[in-house]
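A.B. asks: Going down the list, the protein sequences come from chains A and B. Residue numbers 1 to 370, in the UniProt record's numbering, belong to the letters of the first sequence in order. Residue numbers 1 to 370, in the UniProt record's numbering, belong to the letters of the second sequence in order.
One or more hints might be untrue.
Any copy, or any two copies together, can satisfy a pair, since identical chains are not distinguished.
[Claimed, not checked] Only pairs whose alpha carbons sit at most 27 angstroms apart, straight line, appear in this in silico DSS-like list of lysine-lysine:
#, residue 1, residue 2
1, K91, K346
2, K346, K92
3, K224, K92
4, K94, K346
5, K189, K346
6, K224, K318
7, K318, K189
8, K224, K196
9, K224, K346
10, K91, K141
11, K318, K141
FYI, nobody ran anything at the bench for these hints, they're computed from the structure. This structure is a prediction, so every number in the text was calculated from the model and none was measured.
Protein chains: 2
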Amino acid sequence: MAAGPVWVAAGACRRGKSDTGLAGMAPLAGAGAVLAGAAAVALLSAALVLRELPLDAVLQRAFSLHKAHSIKDMENTLQLVRNIIPPQTSKKHKGQDGRIGVIGGCQEYTGAPYFAAISALKVGADLSHVFCTREAAPVIKSYSPELIVHPVLDSPGAVHDVEEWLPRLHALVVGPGLGRDDTLLENVKGILEAAKARDIPVVIDADGLWLIAQHPALIQGYRKAVLTPNHVEFSRLSEAVLREPGNGSDREAVWRLSQALGNVTVVRKGEQDVLSDGEQVLECAQEGSSRRCGGQGDLLSGALGVLVHWALLAGPEKTNGCSPLLLAAVGACSLTRQCSHQAFQKHGRSTTTTDMIAEVGPAFHRLFEA
Amino acid sequence: MAAGPVWVAAGACRRGKSDTGLAGMAPLAGAGAVLAGAAAVALLSAALVLRELPLDAVLQRAFSLHKAHSIKDMENTLQLVRNIIPPQTSKKHKGQDGRIGVIGGCQEYTGAPYFAAISALKVGADLSHVFCTREAAPVIKSYSPELIVHPVLDSPGAVHDVEEWLPRLHALVVGPGLGRDDTLLENVKGILEAAKARDIPVVIDADGLWLIAQHPALIQGYRKAVLTPNHVEFSRLSEAVLREPGNGSDREAVWRLSQALGNVTVVRKGEQDVLSDGEQVLECAQEGSSRRCGGQGDLLSGALGVLVHWALLAGPEKTNGCSPLLLAAVGACSLTRQCSHQAFQKHGRSTTTTDMIAEVGPAFHRLFEA
Chain A
1 MAAGPVWVAA GACRRGKSDT GLAGMAPLAG AGAVLAGAAA VALLSAALVL
51 RELPLDAVLQ RAFSLHKAHS IKDMENTLQL VRNIIPPQTS KKHKGQDGRI
101 GVIGGCQEYT GAPYFAAISA LKVGADLSHV FCTREAAPVI KSYSPELIVH
151 PVLDSPGAVH DVEEWLPRLH ALVVGPGLGR DDTLLENVKG ILEAAKARDI
201 PVVIDADGLW LIAQHPALIQ GYRKAVLTPN HVEFSRLSEA VLREPGNGSD
251 REAVWRLSQA LGNVTVVRKG EQDVLSDGEQ VLECAQEGSS RRCGGQGDLL
301 SGALGVLVHW ALLAGPEKTN GCSPLLLAAV GACSLTRQCS HQAFQKHGRS
351 TTTTDMIAEV GPAFHRLFEA
Chain B
1 MAAGPVWVAA GACRRGKSDT GLAGMAPLAG AGAVLAGAAA VALLSAALVL
51 RELPLDAVLQ RAFSLHKAHS IKDMENTLQL VRNIIPPQTS KKHKGQDGRI
101 GVIGGCQEYT GAPYFAAISA LKVGADLSHV FCTREAAPVI KSYSPELIVH
151 PVLDSPGAVH DVEEWLPRLH ALVVGPGLGR DDTLLENVKG ILEAAKARDI
201 PVVIDADGLW LIAQHPALIQ GYRKAVLTPN HVEFSRLSEA VLREPGNGSD
251 REAVWRLSQA LGNVTVVRKG EQDVLSDGEQ VLECAQEGSS RRCGGQGDLL
301 SGALGVLVHW ALLAGPEKTN GCSPLLLAAV GACSLTRQCS HQAFQKHGRS
351 TTTTDMIAEV GPAFHRLFEA
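Please work from the sequences and hints to get the whole structure.
C.D. replies: Quick look at the structure:
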């Protein structure tokens, strides 16, 4: 797969205006082919806001990003991701590198929460919890002795049971294998409210996004939330929030949804992943593979849970003024694609998510530690 | 195992007539020893219909096949299989390369539906579902987090529960690990009717074939069905449908059964697999192994579920006028035999189906992508 065209922020902007709202953007082909010979993460300027903001303000915002760090290519962006990765030292205690909770796992779906939780561990979290239904628990436990699995999600005291664990969790991943049972969704509403009350970052995927599409207010304005919709989920959210199907360019549509949600970070997965916090728009075209088997989104959400925690912990001096959640998302998208790429190189069409998760270690090292 | 004699269509036909109905066929030894030094897929002309059709019609049919593509050897047939394999592109969404449902899994049998469902994924499907009994579900789930397992097959609302998923499935594989419990078979009758009503292709194996032997009308004339009987299952079907034990030559017997079922595609597994859609007869003698452990038929049926979907999706220009279901069956038989061959080379007498499934990726690549 060839890397997509590379879009660069601010410095490449030209004064102008167009119907698409993308005026001011110029493609700079080839600027990002730095890593592994095939990767490109690109930043789009905030020129998307042209319709609502004066151009000067747009450029200022874009240039402020540009000033903060020279975004000439993916390598520089990945360097910022590297900055947020906690240093390896022998002085740590268990749990300091991340205690992640996954909310999901029901009658039909048991693989998805496992994929998310094990990916969090493989990225470097110390402890990974799953909060699922009673009957899903023994199955998820059976996949791996590494996970701590709580069979509480369909119990009458589900919210309370999860809430008791929240003080010990650094991030929640809500949705993998959740399903659409009304009782479960009602419990997840309560869990989300409890997480917000404690200022715990949440990554929301899969049927967690179904819930958000029913009740956008649940997440409105919560800046420690990241939504990771695929094509279908993105359209559903756009319809729910903006009363439009999310048409127009990917970049504008993602920016508009994030804006409308009060700067909740949105990661639209696709041929290129498009990321926005309602201010900046980034695109990740790190080479992945053509494989679209189920479970890759769970790898992404689990990895993102850890990276969001690390990015928030790192503080502004490490993120160089960039949104920590956006940086975490760049890291998780790049990593997921690199895992997919490496697994596909080995297994071709027979690649499954298990093969990709086996690549988390080598892919992480290659992207962020080499 | 040595490759069988190679039978070639039409061009090798001689005018003539015999009691066996095989007049017009001539063996062309050695014409197909092309791939892996030991493989042979052969096409028999429709000369089998001599008893009921004028010879000219037979030859016309045979020649029309011959005109459509030169069937000189297996390589050409495999090339047609290659044509139906969807291209690898980064533009796809999850699910586009196949969402397969397996109907089976009961008190005794849990391995079979797992083998079929995981084989579908390893061939290249994106999502693989299993619809089984309540108590079989946690076991099947525990074999692999890649599968989506629905514990519904023995519930009073089984047909409705499966029917709700049918719009999201491209093909059904009915029978692996089904067993012969009357309630389950009654539910499967309803599921088959629902699949037919939605024009969803179905592969039927194992005790799914037991059900068809009791009620041939269930599948009569449904041209999107493939039956994959072994020796015993084939005799039972022939008795049920033709009131004869399916004696005579394999090729004629398979052709006759397919004809009698209204051109349902029949794959009779054996030393050579014999395939017919009631018009053409093909034989697959791709080198396999002498190992006959349980589960190989599940690998075949799962792979066939994906390939049938791909073949129907490919359209006539890709299949060059050949029956898409027959081409899919050639692909699945060749692949299963190649997996068996490769696994046996490594593990000899101790080879099990799990070892064969581990070969799906490399075998697929060798046959269809090299």
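A.B. asks: Are the hints correct? Go through all of them and say.
C.D. replies: Do the hints match the structure? See the list:
For the identical chains of this complex, K91 and K346 are inter-copy neighbours only, at 21 angstroms across copies versus 37 angstroms inside a copy, given an alpha-carbon limit of 27 angstroms. In this homomeric assembly, K346 and K92 come within 27 angstroms of each other (Cα to Cα) only across copies, at 20 angstroms, whereas the closest approach inside a single copy is 35 angstroms. Taking the shortest alpha-carbon separations for K224 and K92, only the intra-copy value of 25 angstroms comes in at or below 27 angstroms, while the best inter-copy value is 30 angstroms. Within a single copy, K94 and K346 get their C-alpha atoms only as close as 34 angstroms, which misses the 27 angstroms cut-off; across copies the closest is 20 angstroms, which meets it.
With identical chains, the CA atoms of K189 and K346 are never at most 27 angstroms apart, being 41 angstroms at best within one copy and 41 angstroms at best between copies. For the identical chains of this complex, K224 and K318 are intra-copy neighbours only, at 18 angstroms inside a copy versus 50 angstroms across copies, given an alpha-carbon limit of 27 angstroms. Taking the closest pair of Cα atoms, K318 and K189 never come within 27 angstroms of each other, the shortest separation being 33 angstroms inside a single copy and 50 angstroms across copies. In the homo-oligomer, the alpha carbons of K224 and K196 lie at most 27 angstroms apart inside one protomer (8 angstroms), although the nearest pairing across protomers, at 48 angstroms, exceeds that limit.
For a Cα distance limit of 27 angstroms, the shortest separation of K224 from K346 qualifies neither inside one copy, at 37 angstroms, nor across copies, at 34 angstroms. Within a single copy, K91 and K141 get their C-alpha atoms no closer than 30 angstroms, and across copies no closer than 35 angstroms, so neither meets the 27 angstroms cut-off. Taking the shortest Cα distances, K318 and K141 never come within 27 angstroms of each other, neither inside one copy (37 angstroms) nor across copies (43 angstroms).
Hint check: violations occur at hints 5, 7, 9, 10 and 11; the rest are consistent with the structure.
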